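A.B. asks: These are the residues of each chain, in order.
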Amino acid sequence: MKGRVLVVDDDAALAEMLGIVLRGEGFEPTFVADGDKALEAFRDTRPDLVLLDLMLPGSDGIDVCRQIRGESGVPIVMLTAKTDTVDVVLGLESGADDYILKPFKSKELVARIRARLRRTDEPAPEMLQIGDVSIDVAGHSVKRNGETLSLTPLEFDLLVALARKPRQVFTREVLLEQVWGYRHAADTRLVNVHVQRLRAKIEQDPEHPEIVVTVRGVGYKAGPG
Amino acid sequence: MEQGSAERVQRDQPDAREAWEMALRRKKWVRWIVSWLPHQLTVGIRTLLRWEHLVIAKIRHRWRRSLQLRVVGTTLVISATVIAVLGFFLTEQIADGLLLNAENSARTQAVTGLGIAQSQSGLNTPPQNGQVAMQIMGSIGRLLQPTNGTATYSVAVGLNADWKGKPGFPRWAATGFDADATFPPTLLANVQEEQVAQEHGKAENLLYYAPTTLVLTPGGRGEPAIAFGVPISNSQYQLYFVFPLTEEQQTLQLVQTTLIGVGIALVALLAAIASLVTRWVVLPVRHAARAAQRLSAGQLEERMVVGGADDLAALATSFNDMAASLQDKLRELEELSKVQRQFVSDVSHELRTPMTTIRMAAEILFESREELDAAAARSTELLQSQIERFETLLTDLLEISRHDSNVATLDAEPADLCDIVRRSADDAQQLAERKGCRIEFRLPAQACMAEVDRRRVERILRNLLVNAVEHGERRDVVVTVAADSDAVAVAVRDHGVGLGPGEDQLVFERFWRADPARARTTGGTGLGLAIALEDARLHGGWLQAWGEKGRGSVFRLTLPRVAGHSIVGSPLPLGPDEAEVVTSSVTTLEADLSGGSRA
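Chains as they are written, first to last, in our numbering: chain A, 1 to 225; chain U, 1001 to 1599.
These are computed hints drawn from the structure, not numbers from a lab.
Just so you know, these numbers come straight off a predicted model, no measurement behind them.
Note that the Cβ used here is the ideal one computed from N, Cα and C, for glycine as well.
The reader is advised that the hints may include incorrect statements.
Claimed, not checked - Sample of chain U residues with no beta-carbon within 10 angstroms of chain A, all distances over it, derived:
1) Ile1094
2) Gly1097
3) Glu1223
4) Val1305
5) Arg1359
6) Leu1383
7) Arg1389
As the list claims (entries may be wrong) - With beta-carbon atoms standing in for the labels, derived distance ranges:
8) U:Ala1374 to A:Val218: 53 to 63 angstroms
9) A:Gln129 to U:Gln1429: 25 to 35 angstroms
10) A:Arg164 to U:Ala1374: 29 to 39 angstroms
11) A:Arg4 to U:Asp1346: 27 to 37 angstroms
This is chain U alone, in the form it adopts within the complex (with noise of 0.2 angstroms):
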């Protein structure tokens, strides 16, 4: 084989690609799946988009939630693409090897056939007619046709272009196939142009080469097959081979099935071993999860089940050595504020004994005071009213130590609100009389009942009420009280000075005060909100303050009608009503005018 023949090959390779890949789309599983896969897709797509939001949201959430669906799908994509690019050039080499394994087999048993061809007399002259032709060529044909049953190619003899044509010459001695569909025409054209060269001495003696397909029958289907074609020298004749590639097909067709089914296996293979693996670490991450959940949710004796020596096994090692570290500081906070709540309880009581003692000794004290000089008559008079302070201060520190130790009890029963309200009036009654002010009641005209404990709504309501008048710089108190039919409310107007912004929050706070300067003057432990806040809770309502500078502010308690149900609304506004609104600015512009006029 001379070097130009190779080069020639080597030039017609893409051909035989083409040739090859069309044969691959035959195939049947190809056409099996192209005809399932529209059909199927449709139908999907249909559903999808039937089902789109629904079906995406669902997806996406999955595929969000679960680290195990997206590993799996993670490795199933990945590994398929390797798979696939592999499984391709794996059939690309094994194509190209059976190619050129059947290309050189095919080669050195067409240049056997050209030696054999050229052995047969009476080729050197041209033919006298087509007769002549005819017979030449049918005896080089029947020379070079393979005799037994295993016929791997199929031989055609061709005349030179000068004699093709003529009447009476044959086009082709060729059995078993449609020579003219069969060899393409760059091939023939090519082994024109090598006789005429021959012709002229400039024989290169090549073998002409071209994928093709073989027609057995005119207008029937094609196999693919290799064809050579050489002049047969010093003569008119050509010879043409055609070797059909049925075998290398097929055997091609058995590696691609195999290739396909183990790469189907190994990707199914491989998503088995990504779920189950992720399985191994995705379990007991959830299982921390869940026990992390209820950790915080305050089960503090949940532990993880320790099992083995791997990182998993560390991770419920770590997981229960926190909660326990977790249950211990815990425990120990828990101790603490105990041991404090308990002092605090401890320390108020322990005070009242001598607190009794002083109490009537200072009654005796005062009582006697007009036998005493002005200055220690005085100094009775001020131990007097400081220890009112003091046992007020006693009496509301233990309140709310009850209330932080969580001992405070409920004593709920029905009672009519608008009741309760007119009663804790009194005292506040007879502050605003002394400074001068009003307490106005809006109170519906049908009872409010509620289950409610007395002694502690009366509390607040007290504490509500004291601290309007107190703040309410000599202006009406308003007091109004409305039901639903699940909760209670009273909401204490006053138009006093009011609450700064986020003050309304601070004043819940305790020993907190709006006015350090002038806190001292008015009375009160500082306690009185904290508690009632405290008072409302346990009675699972609210209490909310809303006030703005200079225009006063609304306290608002609403309690729920039957004890331990929640609330959800309050039937009271909290804040100005819309009537108010317009009097409200008047009083403000009022407040500044005399303000300034003062100023």
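So that you can see chain A by itself, here it is in the shape it has in the complex (with noise of 0.2 angstroms):
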């Protein structure tokens, strides 16, 4: 099963106590403590998913992000201790697909991983259309006019939720149960985040969104009118 989980943190009981209750869950996790060592340790170990603390040694957390995500689009949950928004945001447009607050529970940060690693369990043959861009969701792809575009799998499930549902309006609390997992009203940055990291991957023009877009007051819809 699909269960390697890289923990990039420096503070080592915490480490260790995030791989006693990783290993209860099942998981297999590796731990790096530098920020410098972080890629390396990635590339060998090629985990599922990626938990990383964003206070770091060495290079921190937002940089440990950006150089994952700019190889790989495997989730990444990040830990932090800061709860402003500013620390927040720039965490989620560096990359991460997730956070989680510190001191969290257990449980809670196992359902975190369940729900980021859960996506890829049954694709189903399924194509979808919205404006010029067309979504293949078994083969996990996306093409605008014949061109491959490339996607993280958490872009990629927010994309399909939107436009399996085509001029549906979806709330950010909807959307974050049901790409995101979340059962309680959650952070609603995390939308904000990704839905502007997905405009700039997808849209002619994010500035004027054709595809994703806002409905003010309210939250997001696929597709134009």
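Could you fit the two chains together into a complex? Lean on the hints.
C.D. replies: Rendered as structure tokens:
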């Protein structure tokens, strides 16, 4: 099963504790304490998910996040002690799929990890079309005018969720539940940041989006009109 | 000149002054001012009455506000008074001097004239008839009449009163003026008395003197003059002189005009100097005041311009020194508080990592508590719950430090307040069910839209609701929502213990607890309302409390509909509403009764 998790954290006690919890839940954790060695460890272990502490010695969490995202769409969950909007948004913009605030509960952490790993489970053959963007759900590819666009799994999930019901307006809360797997109301900044990143990849003009459209005061929908 | 004469002359002085004053009053400029003043005054008074309040208020305001105006005004009044008094005494002195001078020279002339008159023949015999008398009087008159053009006096020859009235006898031998109107009766009487005295050998040889007005033509206007009268010894004739003071009057007029001119110029000069000097002083003071104002308004860079090395420069220098040291102190304080806030923030952050480990470890222990013995199992339970509490405290501490360091940001977007109220009621509902009370919602039918930060408003409301249920003494909690054009408001009403006097402010203090004894059993960090207040302020809104012992309390949150707008009023009252007063007093009564029965 897919359960290799790379834990990038400099706090030995927390890393060990995370190891105990993750092993208890059936994952295979590997550890790296130094931000500079994180990319190397990532290449060696090819994990299914990266658990990344935002504050690291050497290159900090945000740099590590960018480096990994530069090579792979692997789910990245950030661990952060900072709740300030700037820190969270910066982390998300650097490519993290989700974040979890310290101090967290083991169950919460495991739920977040499972939510990020779950989506690759059952691909059903399905083709979707919004504007000039076509989506092959089973083949996990998105094309615009025949040109393949590289989306991370999370961005792909977000696009698919919106495209499956075109013209239906999704609130941020609904998207959080469908895409991220949150059952309770969570941080809607997650949605905002990821929609921005998705637009940057699929829209002709991200300033005037035509595929993922904002409905002011409510949320987002796929397709124009 | 004998002693007696001088005395008489002295006694007559006040009359002379009166004549001078009369003369003074007739002066042209006095008449001009007197004729001009009433008109201007009436116009002025009328205008003043018309604009009374405005003008008087304005003048008073300017007088109170402007140091310069006060100094100039005071200088004007004082200098004008001093110069007027000085001028008056000076004029008086000069007038006295002139008069004395004129009198002396007149006296000399009169005495000389008398000597000449006495050399006239036929004086020693009483006049036979009017013609003889007329002849003698006329010749004396011609003898004494000044010959050249520079006539400084006029002569009149009179008769003893025994002859004066007799038919055929002339009253006067006088040329060019009306002797009857000119010589005052007292002078005539004195001369007559003297003549009689001489006849009886009691001659005093007195020259009589009186101020008078020289009347040239009968019924005409006179001019100031001095008159001398003396009986011609051993005869029935009397000799009178009148010296017009025209020249002296002109001199005096000239002196007065000069004095007034100089006085006015002096007063104006003094006013100008006062104005200039105060301006020198006032301008830098005004600059200082303005600079101080700006400084107190927070512009700490404000400094004064230092010029020269005088007192004003010293003021500017010390002002600048003060501003600089103030700025330093403020900077120091700012730095200190920044360091302190950063420290709180850092500590809260740093604590989070070990906290995570502790929490995860505690969870593992907690899950396996059934395998432990009773004491260890209970310990893990306590560990678990206290970690929760610790974490809440940490979160609140971080939140308040974020507010303190002004890094809290408002993520405002349009939302329906009723919706937020319903969402945030979850926790409180559960607590209410456990406590056995109800939360009643009074929400308007239409949405109450406002630009708010959902997360913060939900946090405020959760806090208010949980507090209301916790302190509500199991009585129902009422949540009311209302909106007007500018603001939306939520009021959370409980009928619990209420708040004591002054506690409606204290509840928002950090770590303040109404009842220290019971506080430890109830949860909460003691920062909830402080954070709620900061959150409300961040919205530009209000969070206020009302409460009375035994009548419960009301917490009202008012937020502007448009983020950043200021609000002037709340759509909801702060306090028990009218309909509620009766029921609440009943409740109070019941509470008292139940309290009493319990006791």
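A.B. asks: For the hint 27 to 37 angstroms, verify it against the beta carbon of Arg4 (chain A) and that of Asp1346 (chain U).
C.D. replies: Since Arg4 (chain A) and Asp1346 (chain U) have Cβ atoms about 34 angstroms apart, the given range 27 to 37 angstroms holds.
A.B. asks: Decide, holds or violated, for the assertion that all CB atoms of chain A are farther than 10 angstroms from the CB of Ile1094 (chain U).
C.D. replies: Consistent with the label, Ile1094 (chain U) stays out of reach of chain A, its closest Cβ about 92 angstroms off (over 10 angstroms).
A.B. asks: Over 10 angstroms from every CB of chain A: does Arg1359 (chain U) meet that, or does the non-interface label fail?
C.D. replies: violated, 5 angstroms
A.B. asks: Would you say Leu1383 (chain U) is clear of chain A, with no C-beta pair closer than or equal to 10 angstroms?
C.D. replies: holds, 14 angstroms
A.B. asks: Looking at Arg1389 (chain U) again, its CB stays over 10 angstroms from all of chain A?
C.D. replies: holds, 12 angstroms
A.B. asks: Quick one: work out the minimum CB distance from Glu1223 (chain U) to chain A and report holds if it exceeds 10 angstroms, violated otherwise.
C.D. replies: holds, 103 angstroms
A.B. asks: If I take the minimum Cβ distance from Gly1097 (chain U) to any residue of chain A, is it greater than 10 angstroms?
C.D. replies: holds, 97 angstroms
A.B. asks: Taking 25 to 35 angstroms as the stated bounds, is the beta-carbon spacing between Gln129 (chain A) and Gln1429 (chain U) within them?
C.D. replies: violated, 45 angstroms
A.B. asks: Has the hinted range 29 to 39 angstroms been met by the Cβ atoms of Arg164 (chain A) and Ala1374 (chain U)?
C.D. replies: Violated, since Arg164 (chain A) and Ala1374 (chain U) (Cβ atoms, about 54 angstroms apart) do not stay within the stated range.
A.B. asks: Against the range 53 to 63 angstroms, how does the distance between the Cβ atoms of Ala1374 (chain U) and Val218 (chain A) compare: consistent or not?
C.D. replies: 54 angstroms Cβ-Cβ, so the 53 to 63 angstroms window holds.
A.B. asks: Val1305 (chain U): least C-beta distance to chain A exceeds 10 angstroms?
C.D. replies: holds, 43 angstroms
Consistency note: the structure conflicts with the earlier hints numbered 5, 9 and 10.
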